[in-house]
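> Residue numbers (this note's numbering), protein chains in the order written: chain A, 1 to 445; chain B, 1 to 445.
For the record, the hints were derived by calculation from the structure and aren't laboratory data. Incorrect hints may have been included.
Just so you have them, the derived chain B footprint on chain A, three or more residues with Cβ under 8 angstroms [as the list claims (entries may be wrong)]:
1) 127-133
2) 258-270
With beta-carbon atoms standing in for the labels, derived distance ranges [as the list claims (entries may be wrong)]:
3) A/Ser188 - B/Phe175: 49 to 59 angstroms
4) B/Arg142 - A/Glu33: 27 to 37 angstroms
5) B/Asp51 - A/Ser188: 41 to 51 angstroms
Heads up, simulated SDA-like pairs for lysine to any residue below, C-alpha to C-alpha not over 25 angstroms straight-line [as the list claims (entries may be wrong)]:
6) A/Lys268 - A/Ala286
7) A/Lys268 - B/Arg361
8) A/Lys268 - B/Arg72
9) B/Lys104 - B/Asp135
10) B/Lys31 - A/His209
11) A/Lys268 - A/Leu408
12) B/Lys268 - A/Leu158
13) A/Lys31 - B/Arg334
14) A/Lys31 - B/Glu189
15) B/Lys268 - A/Lys104
16) B/Lys268 - A/His209
17) B/Lys31 - A/Val360
18) A/Lys268 - B/Ala255
19) A/Lys31 - B/Val360
20) A/Lys104 - A/Glu136
21) A/Lys31 - A/Leu62
22) B/Lys31 - A/Arg341
23) B/Lys31 - B/Leu180
24) B/Lys268 - A/Lys31
25) B/Lys268 - A/Glu189
26) B/Lys31 - A/Glu189
27) B/Lys31 - A/Leu408
28) A/Lys31 - B/Val191
29) B/Lys268 - A/Gly345
30) A/Lys31 - B/Gln338
31) B/Lys104 - B/Glu44
32) B/Lys31 - A/Lys31
33) A/Lys268 - B/Met400
34) A/Lys268 - B/Val360
Every residue gets a Cβ at the ideal spot worked out from N, C-alpha and C, and that includes glycine.
Number of protein chains: 2
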Amino acid sequence: MTTPEPGLESPGGLVGSELRDAWPFLDLHEKVEGFRLLAPAEEEDFFLSLDVFAQVELLAGLPPAERQIWMRQLPPDDAADLIQICPEVQRSAYLSLLDEHARKEVVALLAYAEDAAGGLMSPRFARVRPDMTADEAIRYLRRQARERIETIYYIYVLDSAQHLLGVVSFRELFFAQPDLLVSEVMRSEFVKVRADLDQEHVSQIIAEHDLAAVPVVDEQGRMQGIVTVDDIVDVVREEATEDIQKIGGTVALDAPYLQVGLLSMVGKRLPWLSVLFVGQFLTTAAMGYFEGQMARALVLVVFIPLIISSGGNSGAQASTLVIRAMGMGEVRLRDWWQVLRRELGVGLTLGGVLGAIGLVRVLLWPASSVRTQHHEFLLALTVATSLVWIVLWGAVVGAMLPFLLRRLGFDPASASAPFVATLSDVTGIVIYFSVATALLTGTLL
Amino acid sequence: MTTPEPGLESPGGLVGSELRDAWPFLDLHEKVEGFRLLAPAEEEDFFLSLDVFAQVELLAGLPPAERQIWMRQLPPDDAADLIQICPEVQRSAYLSLLDEHARKEVVALLAYAEDAAGGLMSPRFARVRPDMTADEAIRYLRRQARERIETIYYIYVLDSAQHLLGVVSFRELFFAQPDLLVSEVMRSEFVKVRADLDQEHVSQIIAEHDLAAVPVVDEQGRMQGIVTVDDIVDVVREEATEDIQKIGGTVALDAPYLQVGLLSMVGKRLPWLSVLFVGQFLTTAAMGYFEGQMARALVLVVFIPLIISSGGNSGAQASTLVIRAMGMGEVRLRDWWQVLRRELGVGLTLGGVLGAIGLVRVLLWPASSVRTQHHEFLLALTVATSLVWIVLWGAVVGAMLPFLLRRLGFDPASASAPFVATLSDVTGIVIYFSVATALLTGTLL
């Protein structure tokens, strides 16, 4: 991320972009007013560029006749998304605004989970038969209702039972010898996905193969629709946002920050914060357990935050790296052993360096000899040794927790930085005072 | 993120996908061997689907003649990316592998920053003149060298000085009356970006307007190239990865986790970890400053991790939410006041709830009356009051730090969860002991 926006130009789009900027700060009445002030040519672009939450809100403020006009502007996949987030009681009312053909398409899409390929796909793809000539195919495409095709970038070759036989790009067809058969021009090896594949994997596949669209098929290989890359950009952004919010220790907001009300925001943050808080009771209990050692050598207490926070920081690094690598498909469950070995090496090295800095810090800091009772070196060794173990432990726990969560069927991103930090706080106390007991009994303790 | 990959089908791609899976674990020799084992038809797809780091590595293992073949397979924007990451001394060698036309294109692209629109764009767009008829334009497009067009999805209408006058989608042209002029069919209001616009904003614009490609112009409005949505998917994923890694307190890895060597991994993590560690010296100093209070009422010490970690967790939540909202373009610098008001409300509420839990916790926990000297209620009140202030303070600092960093020209994502936690540790100690001094002097203190 970098500094503000230079160089964006959208001539004539002034009113639309102004309205977009002001949007989060307007009440419903002002939104409807603003929308009505747009030039007619701009209204459509503006409406289609709103996210689905804003579309629902705006539609609710419009009279039924206008509502119908705008619902019918939506491509079927977007209409299905919109109906999916409507309150249950309004769904059939919104469905009835569509024309019959679109309604059937949307009902079919609603059968799929919102975050699977089937829930993302559009049924409006360009199709041809394998035994047409290139020339016939182009004329046939020209006859296919204009509004009913999402993209002519790829054309799908289907048999009479809708089985997907091949794919041909419009460019290939356009530049092919006119009398070649479609079956001679098409590719019969291509990437396709099943309707139940989750959207994160769909986006990995589209990114990996640099596709503009990917066909979606059912179990029998029958064509169901296409997922286009512009829908995937939104998916990738959404998924990353969810991961980031979870890593920060929040339930996914599912709406822009400024549009989340106070109570709803508290509701998203309080659960994890309370769980972590109660989790810290364990740290408190551990502290209570070592109260005797603390009373005898109060100087040990001074280093507690320094030491336990290093474990938390090391753990936060490891967990976010592994969570993201899993999200990008770079690391899979079976790679856990390789990751563990890597983190053992990295954790030990990082712990060694921090331990060395800690050692110097304790030796050089002006500490009264009353406090350390002339055992500065032993104290420094205790701090340094604890740091090595705690930083190593943080890295290992942080890296392995996402694997454990995924293995148990949870989202690995729930191994948030605060969660890992809390876990390593309690173990950090235990490690620190165990090392202290081992090294200092008979001197400071 | 969810469970493993069901339903992905890529018939015939078996060997390619096997090689892709094994790739991170192979040495250079094995990679070259594996690549040679691919069916000729698969080699090209495989090579083009590798990321730019893997492409450079593989090319280095091939003999010069093959290297030239593969370099020439790359579209100019990808060739420029590849040359950009090569060691300086090899760049001209790689450039010389290209044919003259491509070399000129690549040299022009190398002039732009890698992460600006100019560094992402392809110069291979479809172009027509405004005074052609639709029919002439289609025939002209057919004549344009096939290999030289990145997409025919959009066609750009240029005057003789290369000024961008309008855009027409291939579909509009294809379905238009054959004798209409291009200038009658084209849109003259459209979104375009300047070559120096950074890639994050380019991706926001493409996502917001659901574009398949966006034209890039210079200051005089002359057409420079196009950025296509498939390049943007990669950008969005990269940017999110960088943000996530920074939020976790790491320098961006810039390569897949499993491909980063031990020393390089330490190099990415040690700097922040050391800075945070040295930062914690402040907390240690604060602890030292309150050593007198600790000696008098050791029971206060037991609650230190509980209290300071709550501030860190609250801060981590706030900072990640604000960082992501900034990255998505939902929150801008001028929104700081609105965010501050929101976080004051949220922080106070969260602090209130945690304070209440803390109050009950201290009152109910079996604590020896020796430790609390019968002042349980005052102790509980101290813990609860501190929690309210510290959680509030964490939320405010966490939310404002990204604004401050962006204002100063730094990346707001550097306000990582560990950074905010460290900041709130030291203030947490000061708040806690200040509250304790105010409430407990004369009783426990």
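> Evaluate each hint against the coordinates.
Status of each hint after checking the structure:
Only when three residues or more bring their CB closer than 8 angstroms to a CB of chain B does the claim for the stretch 127-133 of chain A stand; here the count is 0, and the claim is violated. Look at the stretch 258-270 of chain A against chain B: 6 of its residues bring a Cβ nearer than 8 angstroms to a Cβ of that chain, three or more, so the hint holds. Between A/Ser188 and B/Phe175 the Cβ separation comes to about 29 angstroms, which falls outside the hinted range of 49 to 59 angstroms. Checked against the hint of 27 to 37 angstroms, the C-beta distance between B/Arg142 and A/Glu33 comes to roughly 49 angstroms, which is inconsistent with it.
Between B/Asp51 and A/Ser188, the C-beta spacing of about 27 angstroms breaks the proposed range 41 to 51 angstroms. A C-alpha spacing of about 29 angstroms is found between A/Lys268 and A/Ala286, which places the hinted pair above 25 angstroms, so the restraint is violated. In summary, the hint linking A/Lys268 to B/Arg361 is supported, as the alpha carbons are separated by about 23 angstroms, within the 25 angstroms threshold. Between A/Lys268 and B/Arg72, the direct Cα distance comes to roughly 51 angstroms. Violation of the 25 angstroms bound is thereby established for this hinted pair.
Simply put, B/Lys104 and B/Asp135 have alpha-carbon atoms about 32 angstroms apart, too far for the 25 angstroms limit, and the pair is violated. Of the supplied pair hints, the one linking B/Lys31 and A/His209 holds, its CA atoms being roughly 19 angstroms apart against a limit of 25 angstroms. Note on A/Lys268 and A/Leu408: the hinted pairing holds, with a Cα-Cα distance of about 23 angstroms set against a maximum of 25 angstroms. At roughly 51 angstroms between alpha-carbon atoms, B/Lys268 and A/Leu158 are farther apart than 25 angstroms, so this suggested pair is violated.
Among the hinted pairs, A/Lys31 with B/Arg334 is consistent with the structure: their alpha-carbon atoms are about 21 angstroms apart, no more than 25 angstroms. A distance of roughly 24 angstroms separates the Cα atoms of A/Lys31 and B/Glu189; the hinted pair therefore holds under the 25 angstroms criterion. Using a Cα cut-off of 25 angstroms, the hinted pair B/Lys268 and A/Lys104 is violated, with the two alpha carbons roughly 53 angstroms apart. The hinted pair formed by B/Lys268 and A/His209 fails the criterion: a straight-line CA distance of about 29 angstroms is larger than 25 angstroms.
Using a Cα cut-off of 25 angstroms, the hinted pair B/Lys31 and A/Val360 is violated, with the two alpha carbons roughly 46 angstroms apart. Between A/Lys268 and B/Ala255 the CA atoms are separated by roughly 33 angstroms; this puts the pair beyond 25 angstroms, and the hint is violated. The hinted pair formed by A/Lys31 and B/Val360 fails the criterion: a straight-line CA distance of about 46 angstroms is larger than 25 angstroms. The suggested pairing of A/Lys104 with A/Glu136 is violated, with an alpha-carbon distance near 29 angstroms, which exceeds 25 angstroms.
Proximity of A/Lys31 to A/Leu62 is assessed by CA-CA distance (about 10 angstroms); at most 25 angstroms being required, the pair is judged to hold. Between B/Lys31 and A/Arg341 the alpha-carbon distance is near 23 angstroms, which keeps this suggested pair within the 25 angstroms criterion. Using a Cα cut-off of 25 angstroms, the hinted pair B/Lys31 and B/Leu180 is violated, with the two alpha carbons roughly 54 angstroms apart. Proximity of B/Lys268 to A/Lys31 is assessed by CA-CA distance (about 47 angstroms); at most 25 angstroms being required, the pair is judged violated.
Between the alpha carbons of B/Lys268 and A/Glu189 the distance comes to roughly 41 angstroms, so the proposed pair goes past 25 angstroms and is violated. Our distance criterion of 25 angstroms between C-alpha atoms is met by B/Lys31 and A/Glu189, whose separation comes to about 24 angstroms. Proposed proximity of B/Lys31 and A/Leu408 is contradicted: the alpha carbons are some 34 angstroms apart, above 25 angstroms. Taken as a hint, the A/Lys31 and B/Val191 pair is honoured in the structure, with Cα atoms around 23 angstroms apart against an allowance of 25 angstroms.
Taken as a hint, the B/Lys268 and A/Gly345 pair is honoured in the structure, with Cα atoms around 14 angstroms apart against an allowance of 25 angstroms. Annotation: proposed proximity of A/Lys31 to B/Gln338 holds, straight-line Cα distance about 19 angstroms (limit 25 angstroms). For a cut-off of 25 angstroms, the pair hint linking B/Lys104 to B/Glu44 stands: about 23 angstroms separates their Cα positions. Between B/Lys31 and A/Lys31, the direct Cα distance comes to roughly 57 angstroms. Violation of the 25 angstroms bound is thereby established for this hinted pair.
At most 25 angstroms may separate the alpha-carbon atoms for a hinted pair to count; A/Lys268 and B/Met400 meet this at roughly 20 angstroms. With a C-alpha separation of about 23 angstroms, the suggested pair A/Lys268 and B/Val360 falls inside the 25 angstroms cut-off, and the hint holds.
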